[in-house]
Amino acid sequence: MSDIMSYLFETKAVKFCEENKPFFLTSGTISPYFVNTHFLYGNEQEATEFLAYIDTLLEDRVTLPKKVFDKVLAQYENNTIFKYTIDTMIQAITDHVKVEEIDYISGGERRDWYFSNMIAYLLKKPHLTLFKDMEAFVSPYDFSSTEKITDIKEKTVLNASDLVTAASNYVRSWIPAIKKLNGKLLWTCYVVDRKQGGTEVLEKEGIQTIPLACVDHTLFEKAFSLGIINQGQFDMLKGFYEDPYETMRNFLINHPEFIENALNSTDERTLKRVKLLTEENLYHL
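Numbering-wise, the numbering used here comes out as the position in the sequence shown, counting from 1, plus 716.
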């Protein structure tokens, strides 16, 4: 079995809920798992601290790429998990794409930058740092300089990313950003495919997808075999994978105390999300 899966569990990049205690998502819906792929930076604490560091850099977009690169390069040289993840992405790219056909590596604000900068460096390709407002900055592979760019003259691009769910960031920001640059986004390599339709969206856009791991039966079976989850958790995960809406709706019908307990929570985030679930009747209860 791929070590990527083991590292996803070890770093809690993929975290499963306790039995009958699904997680609230920002949308107000609930899920038996969540994914924080950027934890493969090494661990949750280091990944969270790095994201906070990136946030302090966002106002100066010219100096940001080099400062981010310096951090990921040091982490690559010193952290086994992060190095393995990046090296596995490089191997996947070279297995599926002729590297000489790639003109640029891109990465979008913010979690893509954990991965895209190192991939550009190791493949010796210039890097496009993309922001959500579709502004773009280009750096040589060693990030020795950075400048704003508005036209890449039909050159080809591979985007490196942490995670694909429904590919909303791609549709809303990264695909339009590359089109605005007169570029061609032909490939994307990402660590985790949540198998929620994003890969199909990207392929319809003519983008070749290269995921390292998928959240599916294989991942759940691996977790079960390792004793990370029990039979009840495994059954919920299988049901959620096949029909997330009905599985979570049936859970709420059979466990009315779940919403009641959440409404009595002292945690503001939980309260906000359960109120969203109940007020908008997201599961038509």
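There's no promise every hint is true.
[What the hints assert, rightly or not] With a Cα cut of at most 20 Å, we get these calculated EDC-like pairs of lysine to aspartate or glutamate:
1) Lys938 / Glu765
2) Lys783 / Glu765
3) Lys782 / Asp719
4) Lys896 / Asp867
5) Lys787 / Asp803
Hint data in this document are derived by calculation from the structure and do not stem from the laboratory.
Verification of the hints:
1. Lys938 / Glu765: violated, 29 Å
2. Lys783 / Glu765: holds, 14 Å
3. Lys782 / Asp719: Not OK: Lys782 and Asp719 at ~30 Å, beyond 20 Å, violated.
4. Lys896 / Asp867: It holds: about 8 Å lies between the C-alpha atoms, which stays within 20 Å.
5. Lys787 / Asp803: holds, 17 Å
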